[in-house]
Amino acid sequence: MKATLRVLPLFLVSLVYFSATQLSAQDWLYTGTKLGSTRIRLAAADFKPVGSDPQITPLKTVFDSTLNNDLANAGIFDMVSKSLAPQATPGSPQEIVLSQWSAAPANASMVAFGAFSVNSGRLVVYGWLDDASNASNPQVLTEQYNEQSSEDMARTIAHRFADAIISRLGGGLNGIAETKIYFVSNRTGTKEIWVMDYDGANQHAVTHVGSTSLSPRISPDNSRIAFSSLERSGWAIRMFSQDLGRLVSFPTGSAGGSNLSPAWSADGLQIAFSSARSGHSEIWIADASGSNAHSITSFGTDVSPCWNPRTDGQIAFVSGRTGEPQIYVMDKDGANVQRMTDSGYAISPSWAPNGGMLTFSWDRKYGPGAPGSYDIYVMDIASKNWLQATHEAGINDFPSWSPDGRHIVFQRQIGHRTQIWTMLANGTEQRQLTYTGDNMMPNWSWK
Amino acid sequence: MTFKKNRLLTSSLLMIALVAVAGCHKKKQQMPSTAEAPPTNAPAPQAQLTATPNVISAGDQVQLNWRTTDANSVSIDGIGDVPTSGVKTVTPTESTTYHLVARGDGGTADASAHVTVNAPPAVAVPSTQMSEEQDFNAHVQPIFFDYDTYDIRQDAQSVLSKDADWLNAHPNVKVVIGGYCDERGSDEYNLVLGQNRAQAAKTALVTAGIAADRLRVISYGKEKPFCQESTEECWQLNRRDGFSIDR
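Protein chains in written order, with full-length UniProt numbering: chain A, 1 to 447; chain B, 1 to 247.
Careful: at least some of the hints might be erroneous.
Pulled a few chain A residues facing chain B out of the computed Cβ check, cut under 7 angstroms [as the list claims (entries may be wrong)]: (1) Gly257; (2) Ser258; (3) Leu260; (4) Ser261; (5) Ala276; (6) His294; (7) Ser298; (8) Thr301; (9) Val303; (10) Ile347; (11) Ser348.
The calculated label-pair distances, taken between Cβ atoms and stated as ranges, are [as the list claims (entries may be wrong)]: (12) A/Gln413 with B/Asn118: 41 to 51 angstroms; (13) A/Phe299 with B/Asn118: 42 to 52 angstroms; (14) B/Glu232 with A/Gly189: 29 to 39 angstroms; (15) A/Thr322 with B/Thr93: 26 to 36 angstroms; (16) A/Thr428 with B/Arg247: 23 to 33 angstroms; (17) B/Arg247 with A/Gly415: 36 to 46 angstroms; (18) B/Pro83 with A/Ser249: 42 to 52 angstroms; (19) A/Gly415 with B/Thr108: 20 to 30 angstroms; (20) A/Thr322 with B/Thr207: 40 to 50 angstroms.
Note that these hints are calculated values from the structure, not bench results. Every residue gets a Cβ at the ideal spot worked out from N, C-alpha and C, and that includes glycine.
Based on the provided sequences and hints, a complete structural model is requested.
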């Protein structure tokens, strides 16, 4: 008994420590994103080629690998590797032998399969998702696609089918396979706004301003990109119309010569940004048309606002009002300012789609001297519990949530090169998306 | 009971061990150690030295600006040992050639910069040898800042008062004040910091009697660095307000 008593305090100390770390880790179970739950064992069969068009083989290769990548990237599946899967390429529910897939070594609970054909310039794809454990009534999903034949379209159809599967099996959250990532690249010699598919495919420049353009933020409906650009008169918020393929006017964007870090409200009607037009850098809000600009802070040194996308009622931002920059949250009228980080150097907040969490870059041991270690953190807003998502790999900054809240895209600087990476929101499955030039400030599209 | 206690003890110890391990995630020191570089195949040092401006009137200041690579010790004749790169303001009274020697494991390198010192001009006689821009660059000097602050340092205050003297004597010249930061920290936050630095100089110049509408501020943050090295010397060079004629 005495021995137990002696041990107990130590045990309690370690228990408290463990519960604390586990609490923040277990947050993932309550976010509704299914990160951290048991993953569904899913097999994606190579699709059955139908017909004799010579385009079938190259396009189907793109399709099969894109579908497999999308499902693997989703973060909610335990994918059956191709080497363990049956060699069969069933092209219809009649052709599939589910017991082949549910048995070892594949052990699949779910199987995605289908038929892929090219006919007179049209790409026709039938896709099914079957529940391998429900032999009598296995069909979960049937999809059909008929589009103009091209490699891009083969990739797009794979993205759509993947998203249909993810939406069905992932608790109703839409997949992200068709989303885009906007970013800054210096590949043309100046920093311009670029875009790529969520998986790093299709990288291309959007703007050709020829100056220095930073901080791209895509509108919720994908129609416009707000960004900040260095003009003769200083920094201006610029607006690029994707529909028109050119810059359009944003009247309030250039006043005062220091207009930075625009952020769209989730309803697409307002833009928050930082402006020093009053002499100090404050957070301002204007209509998306560029009218009705008004400041909502008054302490200075405020930048990098982002809206609570769930409510549009709050804004998180960075402020150096007490010294080193920290993350703050306030109502959109500037009331109820609350400091979220207690120390160090905290920057670049992005608000989770479900409204409950922030991600940002934080150097918790910041101080003069050796270069600090900036890592990506995720914080539960209500409890201020946080989780460190990146560890001892470069300088990490500008995290941006995916619309499903399961992923985060961010920039990582190693040496003097900066590239864009994605990861699951708990820090696992980190993947580099860019390799050419320097690429930074990623912003994930809303859909 | 004993068995149970042992298990409890073991798991507690295991957890304490885990805590200890988890608590020991020290950052790796990534500073390269130049002292350990083998001398045989060490790269030869390189050195650069500039003097701005290189033509002055007696009593004016010159900014010496030097950078070296692969050097262990650097000295400038007449000044003595200096950091491997840096900036220093000197006031030569006669024409001078500054000579810098950089010594490293791979050998030595030198660089020199000549400053021509003219006799002080008669009062109110504009120098015919300089364009207005050269005159501006010679007299309106940049100021430097401490880490992550926009407070005007004491050395910057005396520079600013000379800047103000020249601007007061040239009332038609308009000025762009550019605020710059070192490479550390966020792009967006550094643009705000650069704005604050430029604004601080503007406020000081307005206090010194310069009309506010002659002064325009632009923050360059860390977008337009003067040097690229991750050293304290280079960071100091990049934490500045630069002045140029607003045309």
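Structure-based check of each hint:
1. Gly257: Status holds, d = 6 angstroms.
2. Ser258: Holds - the Cβ of A/Ser258 comes within 7 angstroms of chain B, reaching about 5 angstroms at its closest.
3. Leu260: holds, 5 angstroms
4. Ser261: Result: holds, 5 angstroms to nearest chain B Cβ.
5. Ala276: A/Ala276 check passes; min Cβ-Cβ to chain B is 5 angstroms, inside 7 angstroms.
6. His294: violated, 19 angstroms
7. Ser298: violated, 15 angstroms
8. Thr301: It holds, given that the least Cβ distance between A/Thr301 and chain B is near 6 angstroms, below 7 angstroms.
9. Val303: holds, 5 angstroms
10. Ile347: holds, 4 angstroms
11. Ser348: Constraint on A/Ser348 satisfied, holds at 6 angstroms.
12. A/Gln413 with B/Asn118: 41 to 51 angstroms: holds, 47 angstroms
13. A/Phe299 with B/Asn118: 42 to 52 angstroms: holds, 50 angstroms
14. B/Glu232 with A/Gly189: 29 to 39 angstroms: Given a distance of about 30 angstroms, which is inside 29 to 39 angstroms, the answer is holds.
15. A/Thr322 with B/Thr93: 26 to 36 angstroms: violated, 47 angstroms
16. A/Thr428 with B/Arg247: 23 to 33 angstroms: violated, 54 angstroms
17. B/Arg247 with A/Gly415: 36 to 46 angstroms: holds, 38 angstroms
18. B/Pro83 with A/Ser249: 42 to 52 angstroms: holds, 50 angstroms
19. A/Gly415 with B/Thr108: 20 to 30 angstroms: holds, 28 angstroms
20. A/Thr322 with B/Thr207: 40 to 50 angstroms: Taking Cβ atoms as reference, A/Thr322 and B/Thr207 lie about 26 angstroms apart, which means the hint is violated.
The earlier numbered hints that this structure contradicts are 6, 7, 15, 16, 20.
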